[in-house]
Amino acid sequence: MHRNASLGLAIAVMLLAGYGIFAASSWPAKAALFPLAIGIPLFALAAAEALWTLFGAPPARQALSDLEPTAEPAAQRRIAIAAGWIFAFFAAVVLLGFPIAIPLFLFLYLKLQGGEGWALSIGITVVVSAVFYGLFEALLHLPFQAGWLFSWLGFG
Amino acid sequence: MIEALLEGLVLVLQWKALGFMMLGVLLGFWVGLLPGLGGATTLALMLPFIYTMQPVEAFAFLLGMHSVTATTGDITSVLFGVPGEASSAATILDGHAMAKKGEAGRALGAALASSLVGALIGALALAAAVPVVRPLVLTFGSPELFMLAIVGLAFIASLSSHGGRGMLRGFLAGALGLFFATVGQDPQAGVARYTFDTLYLWQGLDLVPVLVGIFAIPEILELVARGTSIAGQLPAGKLTRGAFEGVKDTFRHFWLTIRCSLIGTFIGIMPGLGGSVAQWMAYGHAAQSAKTLEERKGFGAGDVRGVLGPGAANNSKEGGSLIPTIAFGVPGSTAMAILLGGFVLLGIVPGPDMLSKYLTLTYSMVWTIVIANVVTVIICFAFLDQLARLTTVRGGVLVPLILVLVFIGSYTSNNHYGDLIVTLVFGAVGYFMVLAGWPRAPFVLGLVLGKIAENYLYISVARYEMAWLTRPVVLALVGIAIAVILYPLYQARRRSAHA
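Listed in order, the protein sequences are those of chains A and B.
Residues in the first sequence are numbered from 5 upward in steps of one, following my numbering.
Residues in the second sequence are numbered from 2 upward in steps of one, following my numbering.
A couple of the hints might just be wrong.
[What the hints assert, rightly or not] Below, computed lysine to any residue pairings styled on SDA-like, alpha-carbon distance capped at 20 angstroms:
no.: 1; chain 1: A; residue 1: K34; chain 2: B; residue 2: M467
no.: 2; chain 1: A; residue 1: K34; chain 2: B; residue 2: I460
no.: 3; chain 1: B; residue 1: K358; chain 2: B; residue 2: V375
[To be verified] Among chain A residues calculated to face chain B with C-beta under 7 angstroms, some are:
no.: 4; residue: L13
no.: 5; residue: I106
no.: 6; residue: L108
Because the hints were derived from the structure by calculation, they are not lab data.
Here the structure is a predicted model, which is why all the values come from computation and not from measurement.
All residues carry an ideal CB built from backbone N, CA and C; glycine is no exception.
The following block holds chain A by itself, in its conformation from the complex:
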């Protein structure tokens, strides 16, 4: 898995660096200097990584690589579902705003994904929502935007 991911990431970085160099070439020299000074070595390093992945020996266990990813199909399915929940939460925040999205997401995740009981799901949802309201809205008065849905409906 390391090999394919590294190759894919190296190619993605090459494309990114290529775009960066191309875009910078149309800027004034002062603005382009730093992006070019970084973009060109970045492209070269990514190309070296891609070539090393394709033709070199696989690397030994990486120190400082922190996490060890799980390759099992069941685990990968769980990751895909988790990614779905993350995007669903993001969509809820953007459409409904934090004050509604937080309790909605918490309750649905705990009940549907976590399989927790009603009491725990409702309890955690209420406590976290209260902390959110008390700390961020009542005490600190942080500006949380209204959801786009409310803006579209004219309530924002």
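Dock chain B against the given chain A, drawing on the hints supplied.
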């Protein structure tokens, strides 16, 4: 001087000042735990409340709050892999790895004890350096600060794995971080670089949403994949037993803790480098302290020295950054710039007066840092059992809570939905880096230092043309940068010779 020092202590211990300090500590404690809601933001939010306070009370409140955020920021880094502060991200690498091995208590103990040592050294530096720091700060102009950023970037070599392939991936990740640092309006021609006509990107990528994404999202996904709690199936009793062990680790590696504290203090003193740099340089230095190949492999996998270094540097930098703020009115960080606003609100002008007319007030600040940190560490140790047990909470319950924390933390950086998009994008980048076996630490170092390096390079060239390269301190820093890059290679060669 001793008299002023004692008078400063007496002032801080007066019930009103002490009460405001405790209130500040309480606020700072929670602010540190919440990602995104940084110490600087909270200082700004609390500034209007100091109008009616006496200077000693006001600074006890503000500094008490600010000086503990770095300490408690380490807690979420260790427990959940979510940086409580931008300046506590480096603690994740080994601290969270220890938590996953069931050593959350030991990691927290080490983080707290080293934070306390760091804070004390920072405060000591503040007390001792105020009269003599002027020549040091004046020696460091833009060319020297640029070279200091390059020295920081040289630590990529230490943050990378050993061997040619490890170095390649380390420098690749570092260059990627540097590349993303160029996003936003450039400092010279005002060109909007890689902004895709989006106003949000004009100011560049904010560090907090990037850090939260690149570290927290992969941790969440990995937690879901494992389907267990953070500490896996380890027995609960083992988790907290190591707290005292963590404290002992601090003294076992005392000179490393001291050295990292001094790194933090030095970075703090230098205006314009920012606190996020200190932790990574300290982490790089801690990784360099590995004597054998096996020891080196342990970094990133739960070596306690990877917790001690950033923990100490994080807190010592606060005392350091107060030095130029107090002595010259030149803020060493964003938080110090806001604190400078506090000086103005109270009618105090930072500068020579702080060393004569307001010397007692200056020393009361030193004592505030000391007392606030001691109180915080005592409170944290009292709740360490409960904190460490959070790593045994079922993943199904913990994941949505961490996600809420991540989203709020990211959003409160700029109160913009763009922050959430940045977090998700860099969450994906971080996850693929983990899959590919690329280290994330050099990426962050590149991102943190990229903008700083570019700004100072521009000023250096504009002010001195190429003559800046011949300045003695610049040459010395070039030597240090080369040494920092070559040292890991020398170590690797020596290890293979011994093997």
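Each hint tested on the structure:
1. A/K34 with B/M467: Distance ~15 angstroms between A/K34 and B/M467 Cα, so the pair holds.
2. A/K34 with B/I460: Within the cut-off at roughly 12 angstroms; holds.
3. B/K358 with B/V375: violated, 28 angstroms
4. L13: Hint holds; A/L13 Cβ to chain B Cβ min 5 angstroms, cut 7 angstroms.
5. I106: Holds, because the Cβ-Cβ distance from A/I106 to chain B comes to roughly 6 angstroms (cut-off 7 angstroms).
6. L108: violated, 11 angstroms
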